[in-house]
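Assemble the whole structure, with the sequences as input and the hints as a guide.
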Amino acid sequence: MLNSGMLQTLLTGILETLYMVVVSTGIAYIIGIPVGIVLYITSENGICRNKPIHIILGTIVNLLRSVPFIVLLIAILPFTRAVVGTTIGSTATIVPLVVAASPFVARMVESSLKEVNAGVIEAAESMGATPLQIIWKVLLPEAKPSLIVGSAIAITTILGYSAMAGFTGGGGLGAIAINYGYYRYEDGVMLITVLILVVIVQIFQEVGMRVAFKTDKRIKR
Amino acid sequence: MIELKNVSKTFQTASNSVEAVRDVSLTIEKGDIYGIIGLSGAGKSTLVRCINFLERPTGGQVLFDGVNLAQLDRRALGKTRKSMSMIFQSFNLLSQRTALKNICYPLEISKIPRDRAVEKARQLLKLVGLADRENAYPSQLSGGQQQRVAIARALATDPQVLLCDEATSALDPNTTRSILALLRDINQKLGVTIVVITHEMKVVEQICNKVAVMEAGQIVECGPVRDVFLAPKSTVARDLILPKNEAVQKIDDGPLLRLVFDGQSAFSPVLSNLILECRTPVNILQANTQNIGGKMFGQMILQLPNNSASCARVRTYLTEQKIQYSEEDADQC
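Residue numbers (the working numbering), protein chains in the order written: chain A, 3 to 223; chain B, 2 to 334.
Hint data in this document are derived by calculation from the structure and do not stem from the laboratory. Backbone N, C-alpha and C fix where the C-beta goes; we use that ideal spot for every residue, glycine too. Honestly, I wouldn't trust all of these hints.
Unchecked claim - Here are the simulated DSSO-like pairs of lysine-lysine, each with C-alpha atoms no more than 30 angstroms apart in a straight line:
| no. | chain 1 | residue 1 | chain 2 | residue 2 |
| --- | --- | --- | --- | --- |
| 1 | A | Lys146 | B | Lys80 |
| 2 | B | Lys121 | A | Lys139 |
| 3 | B | Lys102 | A | Lys216 |
| 4 | B | Lys83 | A | Lys139 |
| 5 | B | Lys80 | A | Lys53 |
| 6 | A | Lys116 | B | Lys102 |
| 7 | B | Lys102 | A | Lys139 |
| 8 | B | Lys102 | A | Lys146 |
| 9 | A | Lys139 | B | Lys127 |
To be verified - Chain B stretches covered by chain A per the calculated footprint, using a threshold of three residues with CB under 8 angstroms from any CB of chain A:
| no. | region |
| --- | --- |
| 10 | 78-84 |
| 11 | 100-110 |
| 12 | 133-146 |
Set out below in structure tokens:
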């Protein structure tokens, strides 16, 4: 079962998975952080209260989040083809991953910002800070530990999504598990991919928690 | 310097509206330490937020150096807020920044170059007595130290006014005293006008020169601390000076007198003399002394015997000795 060819396949799978997950998480954050910030500051008690924007953005986020990933994956195949020119392979998988992960990340960012002590924001306002100064110098730095924990959760969720993409010809460990384990009944390969996925999740989670703990100055050491 | 004209603030909720501040007018002069005292829910915190427009009043005007804050745009309001700093009950320091960086924060907002900001922050830390803790994070500082950092941060933009919202309410009595002493120092050395919101009479006694008593969103009396303290007119003011839970029990039917001693008489044996002169036993139901602005003041509630002749002798004696007194009802004090 585990000949050098198989090892090579698994290694490629790991690299493809990491590529898909890291790139799509990165893009999802580039989209999700601003969206999360806007959701937060336009809310009822936010620093830039704006009901219409809050409701419209919130609805879009909820709509995207309510579609199961496997359905979204298939539903946006034409969009994926339009963006990257193909629907097969790891690069093509990044498109649905970003579409699914961005609203998720936006909500994670919003909830991290909500944890910031309202008094600190009030203090900044009392000093005459502009909304942009409050976002850059208060909200994001104060929420940093929580944002890091959130990113560890986001990355493991995206890893789970990426495995599903194997069904529609996406690459990575998910594709290996489906092709060998599901279509060819090679339980051993299936088990190994599962183990590798578990290890990757553990590493992401552990690193995220440690970095968050290290950067959090609220913890007495 | 700060003038409130008929300021009101009503909060609209889905089902009803709450009038937190109702028709408040008061004038705070340059150099004042102005106390605003009241029980919880009296609207003090909302009122102080109306002064720097953290809460926009729904009625009336707020004038700062003659400028109506309602007419300022966002940028001009921001600029005005830099000369009206604020400190809070819960300190509200940035938890992810060191003490020094917290003080740099308002300077960053004002776009002061980094090295000048750090230099200024160090001076301020020295002023508040924390020069050796510049690299400590708020979580590593005690409540009193955090409030000192908050005061230093508030002073960074060289404000003319410092608004203190229950600044000592989360601190123990000793720390409270030292923070109040620091505030008085700042008032005297830097000439910063201070507005103190509190529910504790002893805060007002220790540092304020003027006081306004608030109840249910309104100012029920105001004036120099000495006057309000010696002759409180409103029930709230009486409650704050002589808390209800220390209320006196009337023992028999004799009339009650409330004696007030000013700086001089607080030190002379008024009561012993009174008893000797009038040959009348009196019952002390309550007594205390307080230090207001460096002078000792005392008040005492006496019960006289139920005998009009001796009561008359006591009243005459008190009048002759120029000791302020007033008749009290048992259920009022």
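Please flag the earlier hints that this structure goes against, numbers listed from lowest up. none
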